[in-house]
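Colleague: So the protein sequences, as listed, match chains A and B. When the letters of the first sequence are read in order and numbered with numbering that gives the first Met the number 0, they come out as residues 0 to 529. When the letters of the second sequence are read in order and numbered with numbering that gives the first Met the number 0, they come out as residues 0 to 159.
Think of the hints as simulated: they come from the structure by calculation, not from any bench. Every residue gets a Cβ at the ideal spot worked out from N, C-alpha and C, and that includes glycine. Treat the hints with caution; some may be incorrect.
Pairwise CB distance ranges, derived in the manner of DEER restraints [stated by the list, open to error]: (1) Q105(B) to P190(A): 18 to 28 angstroms; (2) P501(A) to S38(B): 32 to 42 angstroms; (3) L326(A) to W56(B): 26 to 36 angstroms; (4) N152(B) to L484(A): 43 to 53 angstroms; (5) R24(A) to E107(B): 32 to 42 angstroms; (6) D71(A) to E99(B): 52 to 62 angstroms; (7) H230(A) to Q100(B): 42 to 52 angstroms.
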Amino acid sequence: MDAAHAQSHDHSHDDHGHKPSGIMRWVKSTNHKDIGTMYLWFSFCMFLVGGVMALIIRSELFQPGLQIVRPDFFNSMTTYHGLIMVFGAIMPAFVGFANWLIPMQIGAPDMAFPRMNNLSFWLLPPAALLLIAAQFMPGGGAGVGWTMYAPLSTQAGPAMDLTIFAVHTLGISSIMGSINIITTILNMRAPGLTLMKMPLFCWTWLITAYLLVAVMPVLAGAVTMTLTDRHFGTHFFNAAGGGDPVLYQHIFWFFGHPEVYIIAIPAFGVVSQVIPAFSRKPLFGYASMVYATASIAILSFMVWAHHMYTSGMPVEAQLYFMYATALIAVPTGVKVFNWVATMWKGSLTFETPMLFSLGFLFLFTLGGFTGLVLSITPVDVQLHDTYYVVAHFHYVMVAGALFSAFAGIYFWLPKWTGKMYNETLGKWHFWLSLVFFNVTFFVQHFLGLAGMPRRIPDYALQFAEFNMISSIGAFGFGLSQLLFLYIVIKCITSGEKAPDKPWEGADSLEWTHLPTPAPWHSFETPPVIK
Amino acid sequence: MTSEPHYDADFAEAGAEFTYFRRHCSSLDWRLMQLVFGSLALFLTLVAVGFAIAGAWLVIPFAGVEIAGLGFAAWWTAKRSGDFERLALDGDRVIVEIREQGQSRQFEFNRCWVRLVSGNAGMFALRSHGREVAIGRFCSEESRQTLARELRNRLAGHRF
Numbered sequence: 000m001d002a003a004h005a006q007s008h009d010h011s012h013d014d015h016g017h018k019p020s021g022i023m024r025w026v027k028s029t030n031h032k033d034i035g036t037m038y039l040w041f042s043f044c045m046f047l048v049g050g051v052m053a054l055i056i057r058s059e060l061f062q063p064g065l066q067i068v069r070p071d072f073f074n075s076m077t078t079y080h081g082l083i084m085v086f087g088a089i090m091p092a093f094v095g096f097a098n099w100l101i102p103m104q105i106g107a108p109d110m111a112f113p114r115m116n117n118l119s120f121w122l123l124p125p126a127a128l129l130l131i132a133a134q135f136m137p138g139g140g141a142g143v144g145w146t147m148y149a150p151l152s153t154q155a156g157p158a159m160d161l162t163i164f165a166v167h168t169l170g171i172s173s174i175m176g177s178i179n180i181i182t183t184i185l186n187m188r189a190p191g192l193t194l195m196k197m198p199l200f201c202w203t204w205l206i207t208a209y210l211l212v213a214v215m216p217v218l219a220g221a222v223t224m225t226l227t228d229r230h231f232g233t234h235f236f237n238a239a240g241g242g243d244p245v246l247y248q249h250i251f252w253f254f255g256h257p258e259v260y261i262i263a264i265p266a267f268g269v270v271s272q273v274i275p276a277f278s279r280k281p282l283f284g285y286a287s288m289v290y291a292t293a294s295i296a297i298l299s300f301m302v303w304a305h306h307m308y309t310s311g312m313p314v315e316a317q318l319y320f321m322y323a324t325a326l327i328a329v330p331t332g333v334k335v336f337n338w339v340a341t342m343w344k345g346s347l348t349f350e351t352p353m354l355f356s357l358g359f360l361f362l363f364t365l366g367g368f369t370g371l372v373l374s375i376t377p378v379d380v381q382l383h384d385t386y387y388v389v390a391h392f393h394y395v396m397v398a399g400a401l402f403s404a405f406a407g408i409y410f411w412l413p414k415w416t417g418k419m420y421n422e423t424l425g426k427w428h429f430w431l432s433l434v435f436f437n438v439t440f441f442v443q444h445f446l447g448l449a450g451m452p453r454r455i456p457d458y459a460l461q462f463a464e465f466n467m468i469s470s471i472g473a474f475g476f477g478l479s480q481l482l483f484l485y486i487v488i489k490c491i492t493s494g495e496k497a498p499d500k501p502w503e504g505a506d507s508l509e510w511t512h513l514p515t516p517a518p519w520h521s522f523e524t525p526p527v528i529k
Numbered sequence: 000m001t002s003e004p005h006y007d008a009d010f011a012e013a014g015a016e017f018t019y020f021r022r023h024c025s026s027l028d029w030r031l032m033q034l035v036f037g038s039l040a041l042f043l044t045l046v047a048v049g050f051a052i053a054g055a056w057l058v059i060p061f062a063g064v065e066i067a068g069l070g071f072a073a074w075w076t077a078k079r080s081g082d083f084e085r086l087a088l089d090g091d092r093v094i095v096e097i098r099e100q101g102q103s104r105q106f107e108f109n110r111c112w113v114r115l116v117s118g119n120a121g122m123f124a125l126r127s128h129g130r131e132v133a134i135g136r137f138c139s140e141e142s143r144q145t146l147a148r149e150l151r152n153r154l155a156g157h158r159f
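All chains should be modelled from the sequences, with the hints used to inform the complete structure.
Modeller: Structure follows, in structure tokens:
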């Protein structure tokens, strides 16, 4: 065995035998693939929990009048649906992608801090339990909305304390994950893989991790001040004690608006991998994509108060936040243009990952446009806290982030499992999701324009038809996701063996340098990138 | 802070029968890391101070802890970025060169006398005349086992 031989890595060897087994494999795992898998399953479980909460909301709203649940329970459902979907489902899903893919895409053996990676994941289940346990506290869950505005949050019952600790725990997990991702990408790239040669998914996660590190202390500070206002006699947000409840809104949205991009930017990364693969063309305008993503991230820090036009602010501030918000459409437009230009004259095929990416592209753009509408101050003052806003952010979060996550799962499922999913069922999943999503949320634009406020369990009679349609769509959308679960389980248990490279247009390292399924250990000796 | 491993004259001999080299995975551009850390630290400080002036001073400790955490991660990563391990069997000599956290050490054993012994946590070590050096820091358990088998065979073959 000479030096070259000693350094070469026989991947076929890796798949034999040496994996730890049993429950402790998962509890003690420092393997990025195992941890990525756990993140993805955890996020799906939370997606189901948050989804059930959404269906409770939509059941109550199926008809006007109080039908099924008490108003305080309804408020609790809207609160925890938002918190669980944002912090428990979508964010962990993309962290799962990051864990699985970043080391493989940069030619690294694992994450920079594998033990911290393990801890990052295992903080999530206790946080999730805290959020669920909050429902069973005296007085029920805290009906304060996912934004946890003061003074509602400072006056809520003991469930609020559990919620605050859950948010803290989730924040610690996110920060550790972000530090890990930043150091992994900066320090563990294969020789020759410069930053501007990285797959765009890695770039989007580098920028996302930067955003997370920048805003998480702000959220942690906000909820800690809420806690001290509740129990330790401070008056940060209590006007009677000299505090300012509007200050909470500023702090929360300074975190909250970048949070939207923390969710959306990795979704951009996934789509930027999938569309070129099924267009059989390189991504159009790679450098402009990187700069556009960074621009969106920078702008996201400068627009937070567009969520607070009705809280009262000087007209100059309203003008500034309106123009700054509208400015985000420029880099976002660059990205949409580049995705379309990638497909232009490409050899397109429409397998499930591509369908979900196109669904993302179409619906996210629609959500972006309604965002532009809401950025205009006088319009927003009319539409604030109506179902138009609910429709807008679900177009961004569900059709944007969730569709992109589905695209990514179908795209990389063969690499992860070594097996192919059922393409026909995958397409059924897409079309059912697309149709029912629009049935659920498109009509909510009309409800909002007609003046129906959000976060209410009862409503005026003129909103009845659209609410009924929306509720039917929600149940259809929810049931469609059970088909997704079936597809994934069927793929894992009895899917056909996947070829090494099932997508001929895929060109990142995990497809070109690793076998399928990805070996237990990959890239112990980094590949050299020309 | 990344540095290439030092190849001394012994190691450069083309005739070495067996060589093994592994390094800590490192593509760190220290200036880039400084830029990322510096910009984040500056940004977080400005944000925390800004909110403190507005009355929300409890953002400061969280920002401080996070800056410290990121700084520690960057420092730890940089400290290990030049680490490597090199082993060569050359005639009667077994030469091991290790660089850890910026410190280089070199060991030379007599090939007839050196023994391969199992250590803690799946590691193994070369031992002779009271000196011992662990081998296989930068590889997985199975690669380490493969290396151990290879070394055992070559050491045993030389003795007999």
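Colleague: All hints, please: hold or fail.
Modeller: Against the structure, the hints:
no. : hint                                   : verdict
1   : Q105(B) to P190(A): 18 to 28 angstroms : 25 angstroms, holds
2   : P501(A) to S38(B): 32 to 42 angstroms  : 40 angstroms, holds
3   : L326(A) to W56(B): 26 to 36 angstroms  : 31 angstroms, holds
4   : N152(B) to L484(A): 43 to 53 angstroms : 50 angstroms, holds
5   : R24(A) to E107(B): 32 to 42 angstroms  : 40 angstroms, holds
6   : D71(A) to E99(B): 52 to 62 angstroms   : 60 angstroms, holds
7   : H230(A) to Q100(B): 42 to 52 angstroms : 45 angstroms, holds
Every hint, counting from the list given before, is met by this structure.
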